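Keeping their order, the protein sequence lines are chains A and B.
Counting with my numbering, you get residues -1 to 195 for the letters of the first sequence.
Counting with my numbering, you get residues 56 to 498 for the letters of the second sequence.
The reader is advised that the hints may include incorrect statements.
[Unchecked claim] Capping the alpha-carbon separation at 25 Å, the derived lysine-lysine pairs in DSS-like fashion look like this:
(1) A/K62 x A/K114
(2) B/K360 x B/K452
(3) B/K452 x B/K442
(4) A/K114 x B/K63
(5) A/K114 x B/K138
(6) B/K342 x B/K264
[As the list claims (entries may be wrong)] Beyond 12 Å from chain A on every Cβ pair, some chain B residues (computed):
(7) Q72
(8) I154
(9) R204
(10) V242
(11) I356
(12) G424
(13) E467
[Stated by the list, open to error] Computed from the model, here is a short list of chain B residues facing chain A with C-beta under 8 Å:
(14) V199
(15) E202
(16) A209
(17) P302
(18) N303
(19) T374
(20) L488
(21) F492
(22) E496
Derived from the structure by calculation, the hints contain no laboratory data.
Since this is a predicted model, take the numbers as computed values, not measurements.
Virtual Cβ for every residue (Gly too), placed ideally from N, Cα, C.
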Amino acid sequence: MEERIAPQRSSSILGSSRDRPVPIGVTIKTTIEHGDRKPTPERFNLEITLLDAVRGREALDRIKLEGVSDKAPRAGFDYVLAHIRFGYFRKARGPLTPHPYVLEDGTFTAASADGKIEYVPPSVVRQPQQELIGVPFSVGDSREGWIVLEVPEEEKRPLLVFHRGHAASAYEVWGPIWFRLHVFDPMCIDASCADCC
Amino acid sequence: MHCTTLEKMGVPTAPIQTQVFESLGRMYAGMVGMPRHRIVTVPHPISRVPASICRDYIEGNDPVSGRPVIDEIVEALTKPLTKDDTRSGSQARPEPTRIGPDTEENLHLHFLESIWTDYLPIILPTEERVAEMLKGTSHERDEVAGELRSGYEACTFTVENVAANAVMAGAKPEFMPVILALAASGVPAIATSTQSFARMIVVNGPIRKEIGMNSGTGALSPMNRANAVIGRVATLISINLGAGGVPNRTYWGSQGNVTDYSHVTFAENEEALPDGWEPFHVQMGFKPDESSLSIFHGYSIWHWKDTYESTKIGALLNTANRPLPSSGYKSGLSLLLDPIVAHDLVREGFPNKQSVINHIYEKSLVPLGEFWQYHLVESFGLTLAQKGIEPYASWLKQPNDTLIPRYRGADEISVLVVGGRTNDFWQAGDFHLIGSFSIDEWR
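Chain A on its own, in the form it takes in the complex (with noise of 0.2 Å):
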């Protein structure tokens, strides 16, 4: 199946919801179990913010030059280069251990702008720089970095969702962060439209 379908859950807090997106530049902390200690799998605190959403020619232009893939994105389909800030920290004290967090393939990926469909993130030669996929976070570490992405070309007000499950964890319950991968628009005049109207 190339298109999943998300989850959804009401919450008024921002970013539980994909009814209430995180906004760009706004950071959200949330927390994940990690590890391999069963039952009681260790706590870490996640401080993430999209900094920024590239999308279109220059998106396709960045990738081209910096050697991610050499194909254009998929038909009907526009790349877009998110820039995240990601930081993973201890939420204990104790004698626990220091498991690094990988964000994989797939942690972060983009949505409709309802929520409803998530979009599978496209194969790549390499990630863009700087790299956020496949490079072990330490505890305390906290990093800026690209990852890229496809939506649809008709899809104006995409999400990104952080699958806090994804990692390497058989704790995959605590349910997705969502963030609006779309910058807002002050022209826009769609009634219907949560950001701005």
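Mind docking chain B on chain A? Use the hints.
Chain B only, in chain A's frame:
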């Protein structure tokens, strides 16, 4: 969940679950966006059940659908998913809510029927009471305090939500930093497991005295408001903000655990520690003048007083060497020593807690033949050994009389001092540390 992920990638799967987890499997499938995933069900339990019975399960009928299990497995692996199978939907999440005025009796009934209590009397969290409770912290009422997961996906909650539960449990506003640290830890007091776990909650630092916690005589009994309420609110938060504690829906502890009412909650008696013995929070890297909350995971504690040993360390070793319910794969040991016992240990040559811990770790050994027979080792450790994961893989090759450490590491052993010096007792349990959390961040 892994099956659902594979199905989304186009890989056919036949997820099999046991009957008691039917609702859980369905819930997880829904959470990952495929609530109608074809799940095959077999009778429960399968752990430690003879192979012949397991075979009967596979050759018999699915107890939910009534259809042959084998047919369902073959169909799941060979018959393409229909649109209906992959249909997604929305899940209603439990959200904190405000309810209108009513009589006190009706409101209490509403809380009970909504499963918002531990079935002991509560104080109704009116707007005024919650506002008063919020005076116990400098944090804003709308600030996100944390997330909890008790079976369902994580629920996010605010400082105000925590305050409402603090009111219900009978807290005073000055307890709020401790209660917020507890909630923000992300550790649900009520675990979902079939194993009926409980928590141990230990408070260290100046806040113990500020809020009047008991670390002396009767500290583990229901004889102190702060000790009792902090333990109780942990359970209420887990139920109300972590969507937990509903039997067969978000809780599967077969017998449950009486400790869950208020958990093993106390303050360490720092003032009675022998010279050279550090308070627990200092052992964990906090400064003595910082306040912390340490949360442990386990089943229960027992009273001990071994009158047959001439030394306290010998008696403690006897305690440590008795198989605990969680022995083996994930065993922890918590020793709650009366100050008399701690001072006796100093006289016996143990200048600090770590020396006691190291001694017990090194001297607590178990023959491999016994180790492999522990239920949890059989269920989990053996699997790891068969996968080649060390040290289990090497142990599997060694003779049964080989002695191995009974505890997974010295850091699985905790020594805490609590009590009023009225008798040289100690209590021991299988609790191991999940983590120590700052209370001062929530003042």
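Each hint tested on the structure:
1. A/K62 x A/K114: violated, 30 Å
2. B/K360 x B/K452: violated, 38 Å
3. B/K452 x B/K442: holds, 13 Å
4. A/K114 x B/K63: holds, 14 Å
5. A/K114 x B/K138: With Cα atoms ~15 Å apart, A/K114 and B/K138 stay inside 25 Å; holds.
6. B/K342 x B/K264: holds, 16 Å
7. Q72: Given that every Cβ of chain A is farther than 12 Å from that of B/Q72, nearest at about 15 Å, it holds.
8. I154: For B/I154, whose nearest Cβ neighbour in chain A is about 16 Å away, the distance exceeds 12 Å, so it holds.
9. R204: Nearest chain A Cβ is 6 Å from B/R204, so the label is violated.
10. V242: Nearest chain A Cβ is 7 Å from B/V242, so the label is violated.
11. I356: Holds, because the least Cβ-Cβ distance between B/I356 and chain A comes to about 17 Å, which exceeds 12 Å.
12. G424: Per Cβ check, B/G424 is outside 12 Å of chain A; nearest 24 Å; holds.
13. E467: violated, 9 Å
14. V199: holds, 6 Å
15. E202: The hint holds - B/E202 has a Cβ within 8 Å of chain A, the shortest such distance being about 5 Å.
16. A209: Cβ of B/A209 sits 4 Å from chain A, so the hint holds.
17. P302: Violated, because the Cβ-Cβ distance from B/P302 to chain A comes to roughly 19 Å (cut-off 8 Å).
18. N303: Given a least distance of 18 Å, the restraint on B/N303 is violated.
19. T374: violated, 21 Å
20. L488: holds, 5 Å
21. F492: holds, 5 Å
22. E496: This interface hint is violated because 11 Å lies over the 8 Å limit.
Of the hints listed earlier, those the structure fails to meet are numbers 1, 2, 9, 10, 13, 17, 18, 19 and 22, in rising order.
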